[in-house]
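J.: Here are the chains, one letter per residue:
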Amino acid sequence: MKPFDKKLHFYIDDQLSEEEKADFEEQILQDADLRKAACELRKQKSDIQQHYQAIPLPNSPLAKAKKVHQQQQNIAVSWLKKPKTYGIAASLALFFTFTTFLFNTSNTKTHTLTASASTHKFLIHIDSNDPQKEKMAVIKAESLVRTAYEQGQPIQVEIVANYKGIELFNAENLDKLKILKTLSQYDNVKLLACKRAIERAKSEGHHIHLMAPVIQDKAAIDEIVSKMQQGWQYIKI
Amino acid sequence: MLSWIQKNRQKKQMETLLEIHYPQLYRIAYAWTQEEQCALDLVQETMVKALEKSDQLNAINQSDRWLTKIMHNLFYDLCRHHKKWQQEDIASFDDIAHEKSVETLYIQHQTIGNIHDAIGALPISQKEVIALIDIEGYSYQEAAEILEIPIGTIMSRLHRAREKVRRLMHHCEKQTSKSQTDNNVIQFKEGLK
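Just so you know, the protein sequences line up as chains G and H, in that order. The numbering used here puts the last residue of the first sequence at 242; the count rises by one with no breaks. The numbering used here puts the last residue of the second sequence at 222; the count rises by one with no breaks.
Honestly, the hints are just simulated from the structure, not real lab data. Mixed in with the good hints there might be a few duds.
Claimed, not checked - Coverage of chain G stretches by chain H, computed from C-beta distances (three or more under 8 Å per stretch; other residues unrestricted):
1. 10-16
2. 41-51
3. 57-64
4. 69-77
What the hints assert, rightly or not - DMTMM-like mimics (lysine to aspartate or glutamate), calculated; alpha carbons at most 20 Å apart, straight line:
5. H/K98 / H/E44
6. G/K71 / H/E44
7. G/K207 / H/D93
8. G/K69 / H/E177
9. H/K82 / H/E177
10. G/K71 / H/E74
11. G/K69 / H/E74
12. G/K50 / H/E192
13. G/K50 / H/E165
14. G/K169 / H/E64
15. G/K71 / H/D93
16. G/K11 / H/E81
17. G/K72 / H/E81
18. G/K69 / H/E65
19. G/K207 / H/E81
20. G/K241 / H/E81
21. H/K82 / H/E65
Stated by the list, open to error - Some residues of chain G that are not near chain H, with every Cβ distance over 12 Å (derived):
22. K26
23. E30
24. D38
25. K126
26. S148
27. I213
28. H214
29. V219
30. D227
31. K241
Quantities reported herein were computed from a predicted structural model and do not represent experimental measurements. Glycine residues also receive a C-beta, built at the ideal position from the N, C-alpha and C atoms.
Modelling step: build the complete structure from the supplied sequences, incorporating the hints.
T.: Below you can see the structure in the form of structure tokens.
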């Protein structure tokens, strides 16, 4: 970088004090090379500005952003409702544990029946095609199902994918397909790809061939909200 | 009740600010991502985040910087997941000339047809700075606050970015004028026949 280069950029970007500016303009008047460099740099900056000022402006995405924000708030509201549910559930669980403990001393069969009465329900939500996240979603679902089976607990798991997350169910990915097929063999594991995300991918010319057991007729947001209202546990990957 | 009214007012105010700053956000996003759809997605995500955090905006006269900062953070998150935006910092155009094959260089020269392409050829760190200062006219201090980097780094990135854009555009102009001269020669020769 030439010695005057730094000052030249400062001058063009109006970062010099009035005094410094006057000094530099004096230098410019006496130095033809500096004058040429200043003109070129000013022209380049102005060309860049003009180029971007002239680009066509698409319609503002504010309406869509507001909709997404509203949907997120709805989910948050149903989460806020949860502590109450959890409070009641915790009290009931405590009550049942206590009564089971009392019954357990005389009758072991009662314990088994009480435990199997409540079904654990989990909704796993993925909206990214990041391989790490995809892997995590599948591992999470598998471990939940396995643990419940080992403990003899009834369980229902649903993996809901939207946005780029629908790639998780791409039938062309053999690694994922193998694991997901294993998962889908369980009648209590449901796989859902958001119909809006599929439509959007199609409109962008990106056709995803989804594996057979995947449900494709619902919007992810509707499914998430509906399941959360039914008391499912929400896991965001 | 008062808090609900206040929140609602904040939300409405934020929606107005987002509408006002949309053109600026879009231009920056377009320079950063290089594609219309990606730029729109980035702006939309920025708007969602801004609506979410509308209570955190302290000074309305700094709302443009606050929004650009949100967009910068989201852009960096996106960069981590999108290979096409994970660019290595290339030293200078001369260095490329020594390292790349003639074919690669030819393709590169052909694809740089305008300023947008030249900015697209810059590493992300330089692209971000040049977009803020040259397109939107932020001061060095403001750009440093948005990108959360020292002012000295802003200056060095800006100088390097401008130098690369200058060389790329100069080369592009030379190529264009050369092809125009070639066309003229061909037309002249055909005229002689």
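J.: Work down the list of hints and note, for each, if the structure agrees.
T.: Here's how the hints hold up against the structure:
no.: 1; hint: 10-16; in the structure: holds (count 3)
no.: 2; hint: 41-51; in the structure: holds (count 4)
no.: 3; hint: 57-64; in the structure: holds (count 5)
no.: 4; hint: 69-77; in the structure: holds (count 6)
no.: 5; hint: H/K98 / H/E44; in the structure: holds, 17 Å
no.: 6; hint: G/K71 / H/E44; in the structure: holds, 8 Å
no.: 7; hint: G/K207 / H/D93; in the structure: violated, 35 Å
no.: 8; hint: G/K69 / H/E177; in the structure: violated, 29 Å
no.: 9; hint: H/K82 / H/E177; in the structure: holds, 19 Å
no.: 10; hint: G/K71 / H/E74; in the structure: holds, 10 Å
no.: 11; hint: G/K69 / H/E74; in the structure: holds, 10 Å
no.: 12; hint: G/K50 / H/E192; in the structure: holds, 12 Å
no.: 13; hint: G/K50 / H/E165; in the structure: holds, 11 Å
no.: 14; hint: G/K169 / H/E64; in the structure: holds, 18 Å
no.: 15; hint: G/K71 / H/D93; in the structure: holds, 19 Å
no.: 16; hint: G/K11 / H/E81; in the structure: violated, 41 Å
no.: 17; hint: G/K72 / H/E81; in the structure: holds, 12 Å
no.: 18; hint: G/K69 / H/E65; in the structure: holds, 16 Å
no.: 19; hint: G/K207 / H/E81; in the structure: violated, 30 Å
no.: 20; hint: G/K241 / H/E81; in the structure: holds, 18 Å
no.: 21; hint: H/K82 / H/E65; in the structure: violated, 26 Å
no.: 22; hint: K26; in the structure: holds, 15 Å
no.: 23; hint: E30; in the structure: holds, 20 Å
no.: 24; hint: D38; in the structure: holds, 15 Å
no.: 25; hint: K126; in the structure: holds, 28 Å
no.: 26; hint: S148; in the structure: holds, 24 Å
no.: 27; hint: I213; in the structure: holds, 17 Å
no.: 28; hint: H214; in the structure: holds, 22 Å
no.: 29; hint: V219; in the structure: holds, 23 Å
no.: 30; hint: D227; in the structure: holds, 19 Å
no.: 31; hint: K241; in the structure: holds, 15 Å
In summary, the structure is inconsistent with hints 7, 8, 16, 19, 21 from the numbered list given earlier, while agreeing with the others.
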